[in-house]
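Enquirer: Protein chains in written order, with full-length UniProt numbering: chain A, 1 to 364; chain B, 1 to 346.
There is no bait here: all hints are sound.
Restraint-style ranges between C-beta atoms, simulated for each label pair:
hint	chain 1	residue 1	chain 2	residue 2	range
1	A	52	B	290	39 to 45 Å
2	B	316	A	303	55 to 61 Å
3	B	15	A	298	29 to 35 Å
4	A	128	B	172	55 to 61 Å
Now the stretches of chain A that chain B is said to cover, found in silico as 3 or more residues with beta-carbon under 8 Å:
hint	region
5	33-46
6	96-109
7	334-346
Simulated from the structure, these hints should not be mistaken for lab results. Bear in mind that the values here come from a model prediction, so they are computed numbers and not experimental data. Positions of the beta carbon are idealized from the N, C-alpha and C atoms, including for glycine.
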Amino acid sequence: MKYLDEYRDPAAARRLVEAIRGLVTRPWNLMEVCGGQTHAIVRFGIDELLPEGVRLIHGPGCPVCVTPIELIDKAVAIAARPGVIFCSFGDMLRVPGSASDLFRVRSEGGDVRVVYSPLDAVRIAAENPGRQVVFFAVGFETTAPANALSVLEARRLGLANYSVLVSHVLVPPALEAVLGSPDRIVDGLLAAGHVCAVMGTEAYHPLAARHRVPIVVTAFEPLDLLQGIHMALRQLEEGRAEVENQYDRVVRPGGNPAARAVMDEVFRVADRAWRGIGVIPMSGLVLREAFAAFDAERVFEVEGVGGPESPHCRSGLVLQGLLKPQACPAFGTLCTPDNPLGATMVSGEGACAAYYRYRRHGLA
Amino acid sequence: MEFQLSCPAPLRHDTIQMAHGGGGRAMRDLLESVMLPAFSNPALEGRHDAAVVEAGGARLAFTTDTFVVQPRFFPGGDIGELAVYGTVNDLAMAGARPQWLSAGMVLEEGYPIEELRRVAASMRRAADACGVAIVTGDTKVVDRGRGDGIYINTAGLGAVPAGLDLGPASVRPGDAVLLSGDVGRHGIAVMSVRDGIAFRTPVESDCGPLHGLVAALLDGGVTPRCLRDATRGGLASVLNEIATDARVGIEAREEDIPVLPGVAGACEMLGLDPLYVACEGRMVAFVPEAEAARALDLLRSRPEGAGAVRIGTVTDAHPGAVLLRTALGTRRVLDLLSGEQLPRIC
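Could you put together the complete structure from these sequences and hints?
Expert: Dropping the structure here:
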């Protein structure tokens, strides 16, 4: 697979590491925003290749991790209803709510299905007119267009048995919260390439200017990450704070206009709670009133469902870059992927899961 | 709440979850906390793919496996072939020459007899190819909706040469770790035709017998310490099981582990790690360092071992853990998977 090998070439990686070493004169903290980047960094040991003093801080960019516990509890409650077919992307199934998770619902007889596209859930609804089909519409700007499209498709087909449980969050408001925090330790940002592929880079210019922080839109392979790190560090060393695009093979300044149009038609921006962090103003998407009939929260009336977080879970600090996973007292003892206290330990993109999986033994 | 990580491991769930069949940590916990205490005996303690028992002076390897694959026909094989090769391979991993199989079938009401005929013919062809006979069987029918078309259980017996004692307990620091070919093909081939995921890929399952590779090693004068076929949980799970059961460390080089481009691409798309994706015709061999080169030559002398490579070395440095040297020269843990691998959101 040419595109993989190209971006994992050891010789090219060594050259980039040397370039970074030649550039850095003082300590810097860079935050990678996306959980997929976090996993690649830990999996390939990219943080270990950097000069001493250059730290990578893991950001809030795991959609599974930041889905509020209340919504997981609502998902569990809806999925357990007789006659419901509950469809979700795979990595939501293991995420713990306050008392259960979707895997458990399935083992107890609930019809919980993994789908790979929301349009599969629409197809299931069309094939099962006597049952309610609910899709757990989770994710950042990356998944929102396809989820919006599923609502439009269900309306086009005249389906009265399809709804979405929406937990969409937006990256720029979260970055505003991170950069505006009085506890801020972040000097530069690696923005999430896939999010920018949809939304473009325009929203990042005011952030960079207001907070005097370089932002480099970065992809996910080892060479991408090393190049993104190099670009961000070069800006820092030169005293610049601009938006640069490492992922220009995919990301355009204006993003993907068609995808943005579909999103805008179906969703509007609203305040949204982030698991472990709290409510961030205007940081989420909800269905517009015209699509209320497709809103699972209204269809199923699940208000008041939900319990508290584990008092031992500190995933909110991890998500804000304020705590390294292995520095959490519960890491690897009270909290493991088999017995997770929070979503960061089970999500395929969670920072705690990355450290548990690749570094747990303190050997590597 | 506090708990000890020593046995018996706490079971998180009080009902069976899909993860308990996934070949990872949940399955291992289930075995250790339920099955092994209930059935405890010396043969079971060998922790190998097949138990070696003595009967009338003969040493016999004895194993059983149940096959529930969906879809039942996939690129490169079908459930019938799998049911034969799977059990033949488990016998071969104990160093046995596979000889007899049983076939137990659970059929769902409404299952087409024509398909059953195809599956049976496929089993016969596979058995003939391995030189084994299916000498006994059983058939049960369950109500429509209570099965998945067809489930097949096979058990197998084979004679183990005198003095041969393959198993995790024989593995020693310094041993070479060999792999008979590329990994992850079976899992991706099955997924590529599974309802709801179907994607186009040229990948065919590696589903096939391994007894010929084992015979090549033994006939060629190489005595492996331990053999293990990679199935559910893939290569990573095999390495972890051996590291744990043999109380050794394993160091492997990621670049040396062959993965077909089609498998690597599909895994990237789905967010899966090919090292955890199922194989059905791949063997990991632990051999003394002095015999490693010859063992590789012997494996490569057969078509099913043409892609054999050395992937690592056993060490006493970190018992129970598998470390991977990445392409960038860094090291990371290759851990036992917690539950199933789940495709990611984005």
